[in-house]
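Here the protein sequences come in this chain order: A and B.
The numbers in the first sequence follow the numbering used here, run straight up by one, and end at 91.
The numbers in the second sequence follow the numbering used here, run straight up by one, and end at 763.
In case anyone wonders, no lab produced these hints; they're calculated from the structure.
Heads up, some of the hints might be wrong.
Some chain B residues flagged as far from chain A (calculated, every beta-carbon gap over 10 Å) [to be verified]: (1) Ile99; (2) Leu234; (3) Lys361; (4) Glu426; (5) Val477; (6) Phe597; (7) Ile614; (8) Phe724; (9) Arg749.
Subject to a maximum C-alpha distance of 25 Å in a straight line, what follows is the list of computed SDA-like cross-link-like pairs (lysine to any residue) [stated by the list, open to error]: (10) B:Lys320 - A:Asn46; (11) B:Lys663 - A:Met35; (12) B:Lys431 - A:Met35; (13) A:Lys16 - B:Ile660; (14) A:Lys16 - B:Phe259; (15) B:Lys77 - A:Tyr75; (16) B:Lys77 - A:Met35; (17) B:Lys667 - A:Trp14; (18) B:Lys663 - A:Leu18; (19) B:Lys663 - A:Arg40; (20) B:Lys324 - A:Val85; (21) B:Lys663 - A:Val85; (22) B:Lys77 - A:Val82; (23) B:Lys320 - A:Phe47; (24) B:Lys663 - A:Gln5; (25) B:Lys431 - A:Asn46; (26) B:Lys346 - B:Asp533; (27) B:Lys307 - A:Phe47; (28) B:Lys320 - A:Gly60; (29) B:Lys431 - A:Phe33; (30) B:Lys410 - B:Phe482; (31) B:Lys663 - A:Asn17; (32) B:Lys320 - A:Gly49; (33) B:Lys77 - A:Asn78; (34) A:Lys16 - B:Trp628; (35) B:Lys663 - A:Trp14; (36) B:Lys431 - A:Phe37; (37) A:Lys16 - B:Phe661; (38) A:Lys16 - B:Asp756; (39) B:Lys513 - B:Phe500; (40) B:Lys663 - B:Gly755.
Quick caveat: nothing in here was measured; it's all calculated off a predicted structure.
Just so you know, even glycine gets a beta-carbon here, dropped at the ideal spot from N, CA and C.
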Amino acid sequence: MQLTQQQHEYWSKNLRVTAILLFIWFVVTFVMGFYARELNQINFFGWPLAFYMSAQGSLIIYVVIIWYYARYMNNLDRVYDVHEGEDD
Amino acid sequence: MATPATGTGGVFSAGSNKAFKSQLKKVYTWYTGGFILFVIALAIAEQMGLPRNWIGYVFLFATVGLYAGIGVMSRTSDAAEYYVAGRRVPALFNGMATGADWMSAASFIGMAGSLYLLGFNGLAFILGWTGGYCLVALFLAPYLRKFGQFTIPDFLGARYGGNIPRFVGICAAILCSFTYVVAQIYGVGLITTRLTGVTFELGVFLGLGGILVCSFLGGMRAVTWTQVAQYIILIVAYMIPVVWLSVKITGVPVPQAVYGKVLEKVTAREADLIKDPKEIQVRDIFKTRAADASAKLKDVDKSFADGKAALAAAVAKAEADNAAPDVVDAAKKALGSYPKDAAAAKAAWTKEAALAARAAPPIRHAEAFPGKDDAARDVSRRNFLALVFCLMVGTAALPHILMRYYTTPSVRQARESVFWSLFFIFLLYFTAPALAVLAKFDVYTFLVGSEFAKLPQWVASWQKVDPSLLSIIDVNKDGIVQLAEIAIGGDIIVLATPEIAGLPYVISGLVAAGGLAAALSTADGLLLTIANALSHDFYYKMLDPNASTARRVTISKILLLVVALIAAWVASQKPADILFLVSAAFSLAAAAFFPALTLGIFWKRANKWGATLGMLAGLSVTFYYMATTQPWLRGVFGVTSPIADNIWWGIQPISAGLWGVPLGFIVIIVVSMLTPAPNREVQELVEHVRYPNLTGDTVKSLGT
Numbered sequence: 004m005q006l007t008q009q010q011h012e013y014w015s016k017n018l019r020v021t022a023i024l025l026f027i028w029f030v031v032t033f034v035m036g037f038y039a040r041e042l043n044q045i046n047f048f049g050w051p052l053a054f055y056m057s058a059q060g061s062l063i064i065y066v067v068i069i070w071y072y073a074r075y076m077n078n079l080d081r082v083y084d085v086h087e088g089e090d091d
Numbered sequence: 060m061a062t063p064a065t066g067t068g069g070v071f072s073a074g075s076n077k078a079f080k081s082q083l084k085k086v087y088t089w090y091t092g093g094f095i096l097f098v099i100a101l102a103i104a105e106q107m108g109l110p111r112n113w114i115g116y117v118f119l120f121a122t123v124g125l126y127a128g129i130g131v132m133s134r135t136s137d138a139a140e141y142y143v144a145g146r147r148v149p150a151l152f153n154g155m156a157t158g159a160d161w162m163s164a165a166s167f168i169g170m171a172g173s174l175y176l177l178g179f180n181g182l183a184f185i186l187g188w189t190g191g192y193c194l195v196a197l198f199l200a201p202y203l204r205k206f207g208q209f210t211i212p213d214f215l216g217a218r219y220g221g222n223i224p225r226f227v228g229i230c231a232a233i234l235c236s237f238t239y240v241v242a243q244i245y246g247v248g249l250i251t252t253r254l255t256g257v258t259f260e261l262g263v264f265l266g267l268g269g270i271l272v273c274s275f276l277g278g279m280r281a282v283t284w285t286q287v288a289q290y291i292i293l294i295v296a297y298m299i300p301v302v303w304l305s306v307k308i309t310g311v312p313v314p315q316a317v318y319g320k321v322l323e324k325v326t327a328r329e330a331d332l333i334k335d336p337k338e339i340q341v342r343d344i345f346k347t348r349a350a351d352a353s354a355k356l357k358d359v360d361k362s363f364a365d366g367k368a369a370l371a372a373a374v375a376k377a378e379a380d381n382a383a384p385d386v387v388d389a390a391k392k393a394l395g396s397y398p399k400d401a402a403a404a405k406a407a408w409t410k411e412a413a414l415a416a417r418a419a420p421p422i423r424h425a426e427a428f429p430g431k432d433d434a435a436r437d438v439s440r441r442n443f444l445a446l447v448f449c450l451m452v453g454t455a456a457l458p459h460i461l462m463r464y465y466t467t468p469s470v471r472q473a474r475e476s477v478f479w480s481l482f483f484i485f486l487l488y489f490t491a492p493a494l495a496v497l498a499k500f501d502v503y504t505f506l507v508g509s510e511f512a513k514l515p516q517w518v519a520s521w522q523k524v525d526p527s528l529l530s531i532i533d534v535n536k537d538g539i540v541q542l543a544e545i546a547i548g549g550d551i552i553v554l555a556t557p558e559i560a561g562l563p564y565v566i567s568g569l570v571a572a573g574g575l576a577a578a579l580s581t582a583d584g585l586l587l588t589i590a591n592a593l594s595h596d597f598y599y600k601m602l603d604p605n606a607s608t609a610r611r612v613t614i615s616k617i618l619l620l621v622v623a624l625i626a627a628w629v630a631s632q633k634p635a636d637i638l639f640l641v642s643a644a645f646s647l648a649a650a651a652f653f654p655a656l657t658l659g660i661f662w663k664r665a666n667k668w669g670a671t672l673g674m675l676a677g678l679s680v681t682f683y684y685m686a687t688t689q690p691w692l693r694g695v696f697g698v699t700s701p702i703a704d705n706i707w708w709g710i711q712p713i714s715a716g717l718w719g720v721p722l723g724f725i726v727i728i729v730v731s732m733l734t735p736a737p738n739r740e741v742q743e744l745v746e747h748v749r750y751p752n753l754t755g756d757t758v759k760s761l762g763t
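For reference, chain B alone in the conformation it holds in the complex (with noise of 0.2 Å):
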């Protein structure tokens, strides 16, 4: 059904489809041998010496290389091939590269430590990122393939006819991608900081380098083949770590089989943590420590002059009595480190009242919907729920992923390609738990109950790195580690795994190369996202329908590089809240795109004020919530009214999408009820998309 592409000649094209695809499996047969080969000599080379810092050079440099290799391979001004890849990826590839543009630093890196952290509840992302296939699978992919364009804004334009719908669809798609364009992109300076030992703000610009390369010279086309090798690579580097821990600990190389043992014997040391004497101890001492912060936070200012002046005093009494010199030295240090001001021991004391979260017995692993009573129970379950359909919705909305259905040379792949998505996807999702587990179970049979003496390397290694990663603090003076006296970011648990299985460092490097991998597929397909509806949908359909190809390309290739430098200099402030801007952007998408994408295709009576309305409605009541009951947008916006008068049957802020989505349905089924049918011309090509090939149809397939 494709164009062979002409002219361009080099690897990433060829004759035939079928020519191409035996092409495309020898090349990436022989990269990932290629690649196992530079690990494996990587390896040796550990062994004869070469220090770590140079490993982590060697991994950055010859995989950000690697990337930069295959972009200028594929470079083109070509407008199907810059904006669609030629629409010749075969099924199975544009699976790999879904899979790559989707899972993004935090599925890589952040999911196995979420799932460490909350325990069953963690698994709402495992369900919610994988089931929203089902639903790309069933209302969109073959449709948008048949329809064939360019961008996600094309199909809301020729469907609902008009720049309205298509202005809309551009607003909300820069709104979804930008967000989670900064956190990679945040990601990937993180990454290249811990590899390399370079400052956050040049790794951030170091790995933009490495995105820019590759969607700046080939565009989508270049985008989707480094996307396959990026997902070999990281596919790779999750699985050898899991693999190896589970062989230390099971004795079977296959996590995911055999992890439902290990949870079983976690549960059983959950049970005797909680009642042990010990960890009790230690949680009743941070509960009296956040209780005291509490109450000194009352009235700051006197319990600061009360403080300082009853040390003053116990110096002064120390000296006046002659005590020994060392009594008085330790007087002296307990005034010498007193906060400076008012606002220091606010700040001091805040910190420490917020301990009282340590104070909590550990979480029980596969228990669903923890809670107190049954109400809390309720409302755990609902929230589950709800953060499970706004993450399957709004992948299915995601315009980055959607674009990617474009591509396939037929409407047959693109339903083939959705399959392989998901399998891909599913390699990583499956085995995140299985490591969530086993280094719970690490964690709690070998390093609780250790000696501070004797902790293993792994724990002052990463202690030294970042304590908010991981701090262990021998809180009741007892020589033995306490549960609770482990405090433990989530991100460790990946970064970590290599030497908790006591792997040589190499195959850390290997992890963070990943999530590298990770983080800078994603980012390449949602600044192209972005460069694509400013430059396609609104320079040349809303402003300049007379701009030629060359123009619209060199537009667009302008505009990516702007996207890029905004996103990088935002990441580089380091925003807070990075994560929860990120879990919004599923919120707004599913809001957004979901009710007029699917109605559009499977309701001829939806028309354009229909479309537009319930677009705005869903994307409004969806920010409305967040912006009245998520803590950080309340600041932003100046919201004073209590959290518990603006909280909607106890759903988190997260989880707004779940208002937005019927809302928006609801608005675009009324509306159009209310206003006139779409034209003639609207409905064939409602029809065109709905049929692979249609006899006698008018509308001219632009894809095909």
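Okay, chain A solo, but in the shape it has when bound (with noise of 0.2 Å):
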């Protein structure tokens, strides 16, 4: 079969949120892990900064990172229509 027009841009979308959202784990995952002596200099309501991401702050991106993921293209398959039936 032959995609339509619609269907590739559906994809290209669901490709450009994914390298978005993947690019936010990376920084919040290794780039901060990297400097985390240097953040750990800034203190955080009691915390040292980097402590806090790691045992925190982090955990709370990646749970909205997939939050917004599942919304952004629950949205998108009925703008594409390509979403599922209704009971669910």
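Build the complex: two chains, separate frames, hints provided.
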């Protein structure tokens, strides 16, 4: 079968949002992790910043990334008419 | 989208998905309320004089009985029900089930303890075991759900065509899952023993009964509904003591929000303890003892003979001098307690030499990548990041987790379900670092500096239970506890928190029941993965494609029993280095599955030979690196070249996936480019999984 223009567009939008979210994930995890000693100089409500991020802040960002992806894609399914039936 | 179950009645089936969801909410709300009432009733019974071991028995039998009850209610022999719970599990509940499936005995009991012992560097586990779900959400869960088969090797078989990729997948799935399940059953044995005082072996088999009655009767369907029940117990059990401890120390019942201030106090206290003269004195004693022992170990036979001769001479001298009887007795006693032979002496001295570890000053809890110089700090940072990477990619590659996303009613719900999974896991994981800091504060301020004559009750009771978990000895004989005199095992942090916080024994029982729930739920998921890989993928897809549904399910049940018994037998041998094997499972899974699964979805050109060789290459290099750098595996494989020659870039064996994952990607890409592209059908399958609903789709979805 041949994919329509619309279907191609859906997939490239999916790839775009995936790449953006993956980039955020990478920065939060590895870039901040790499500079942990420097970030730890900053005090964040009692926590050294890198400690806070690794113990709590990054986790919250991960949850938000997944929440946003689910919301964005479930919406995109409808806009591009590739969504499933209603009973769920 | 899902076909409602037909025929079977009971709580875990209903007409429409909507009705089913609201029914589930009702059932589990009642269940949670009932469980809390049960704990309160036990607390009252304790106040009225119910003995402690009775509380243990009640918790053990009530919870395992409950899981068994759910198992019996959900019994089934329908293939879709048995393998994927009928694909009717709503996102929220699949999230809870995944949470329980994911959080093992190591997360529940070991995590806070590791954080206590390792400080900042331990946070690699927190980051790795949560951030991996981003990869699950973005790269795998929705697509696997659309693919809609039963197992992970199924996907490899269909996408890459033929039995070879499937077979590699089966082997890798069993390799990762089996070591992991042995560790869970080991954990079940330990907790059952703690809770009731039965022997370890009996504990293992009691726990095994609880696991089997569930997965054996109802497969994925029973396991799912039990895991939801287990999640509720384990999260309640984890939170109560931590909240209580937080109230005791900070006056605020939200430990996660306020432990920053406690961490500041711990950091200040660490600075004092590092330069405290009494602490230095104790550490110096350890240093001397370790150095003495190391010197003796250089020539064991000679030191043994010399030591024995010196003691014998002392006895002879005391008797010749007609010394006071107590002096003679002391000399005789010293001779009597001397090691029997050179081998025993060697063992004793090796133990003494290990005291060198306790001669080091305490770590600074919040310091990132500690090390003696910049080079050491660099290696520490590199290993931290490598471990985070391997744990994350491994999370997104463990078959027993990925399998759970086959069970939701739709792609839409699969996406939401990953969110709920991480949310429920997050609740425990952002609490564990708080618990570690609170426990450290308690030990550093209340226990350190107290008198040996007035040690708190919990210290005495745990020292009696297991000296390897807690031992405090007055090394410098000043009658005051120094930090360096405390030897603490990681597992005690969670297990003893109720007592440290001054809670009644019933909460200790609850915590043990929570640990049991964590271990049982993970073991269930893993056993099912192994049995399905063997029965569905190996037997049905490769050996006998004409087997009837009933026959497949029966074979799966028999295999489950066999695998469970083998795992229990291995666990009852108390294998050493079990913790290493569990961590190794992440690196192995990451290298074996992640490249082949993601490229299979995102790159149409990836083909059979690329995937097969990529998986093998990733697995081999990961395994090779471990075998040449990990002490226990080196022993198994007889590797004698020095570790330093085999270490690449200073990376620890636990993070061997750092080499396997990129190599897997490279090999798949290079080999696929060199061999013909996959056929039209496979390309259409890839398109099929990319769109939740594709107009003009030629591939029939099996999942809907």
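The hints, checked one at a time:
{"no.": "1", "hint": "Ile99", "result": "holds, 31 Å"}
{"no.": "2", "hint": "Leu234", "result": "holds, 27 Å"}
{"no.": "3", "hint": "Lys361", "result": "holds, 48 Å"}
{"no.": "4", "hint": "Glu426", "result": "violated, 7 Å"}
{"no.": "5", "hint": "Val477", "result": "violated, 5 Å"}
{"no.": "6", "hint": "Phe597", "result": "holds, 32 Å"}
{"no.": "7", "hint": "Ile614", "result": "holds, 32 Å"}
{"no.": "8", "hint": "Phe724", "result": "holds, 15 Å"}
{"no.": "9", "hint": "Arg749", "result": "violated, 6 Å"}
{"no.": "10", "hint": "B:Lys320 - A:Asn46", "result": "holds, 11 Å"}
{"no.": "11", "hint": "B:Lys663 - A:Met35", "result": "violated, 34 Å"}
{"no.": "12", "hint": "B:Lys431 - A:Met35", "result": "holds, 22 Å"}
{"no.": "13", "hint": "A:Lys16 - B:Ile660", "result": "holds, 16 Å"}
{"no.": "14", "hint": "A:Lys16 - B:Phe259", "result": "violated, 55 Å"}
{"no.": "15", "hint": "B:Lys77 - A:Tyr75", "result": "holds, 23 Å"}
{"no.": "16", "hint": "B:Lys77 - A:Met35", "result": "violated, 43 Å"}
{"no.": "17", "hint": "B:Lys667 - A:Trp14", "result": "holds, 24 Å"}
{"no.": "18", "hint": "B:Lys663 - A:Leu18", "result": "holds, 14 Å"}
{"no.": "19", "hint": "B:Lys663 - A:Arg40", "result": "violated, 42 Å"}
{"no.": "20", "hint": "B:Lys324 - A:Val85", "result": "violated, 55 Å"}
{"no.": "21", "hint": "B:Lys663 - A:Val85", "result": "holds, 20 Å"}
{"no.": "22", "hint": "B:Lys77 - A:Val82", "result": "holds, 24 Å"}
{"no.": "23", "hint": "B:Lys320 - A:Phe47", "result": "holds, 10 Å"}
{"no.": "24", "hint": "B:Lys663 - A:Gln5", "result": "holds, 15 Å"}
{"no.": "25", "hint": "B:Lys431 - A:Asn46", "result": "holds, 24 Å"}
{"no.": "26", "hint": "B:Lys346 - B:Asp533", "result": "holds, 16 Å"}
{"no.": "27", "hint": "B:Lys307 - A:Phe47", "result": "holds, 23 Å"}
{"no.": "28", "hint": "B:Lys320 - A:Gly60", "result": "holds, 16 Å"}
{"no.": "29", "hint": "B:Lys431 - A:Phe33", "result": "holds, 23 Å"}
{"no.": "30", "hint": "B:Lys410 - B:Phe482", "result": "violated, 44 Å"}
{"no.": "31", "hint": "B:Lys663 - A:Asn17", "result": "holds, 16 Å"}
{"no.": "32", "hint": "B:Lys320 - A:Gly49", "result": "holds, 5 Å"}
{"no.": "33", "hint": "B:Lys77 - A:Asn78", "result": "holds, 20 Å"}
{"no.": "34", "hint": "A:Lys16 - B:Trp628", "result": "violated, 51 Å"}
{"no.": "35", "hint": "B:Lys663 - A:Trp14", "result": "holds, 13 Å"}
{"no.": "36", "hint": "B:Lys431 - A:Phe37", "result": "holds, 18 Å"}
{"no.": "37", "hint": "A:Lys16 - B:Phe661", "result": "holds, 14 Å"}
{"no.": "38", "hint": "A:Lys16 - B:Asp756", "result": "holds, 20 Å"}
{"no.": "39", "hint": "B:Lys513 - B:Phe500", "result": "holds, 19 Å"}
{"no.": "40", "hint": "B:Lys663 - B:Gly755", "result": "holds, 19 Å"}
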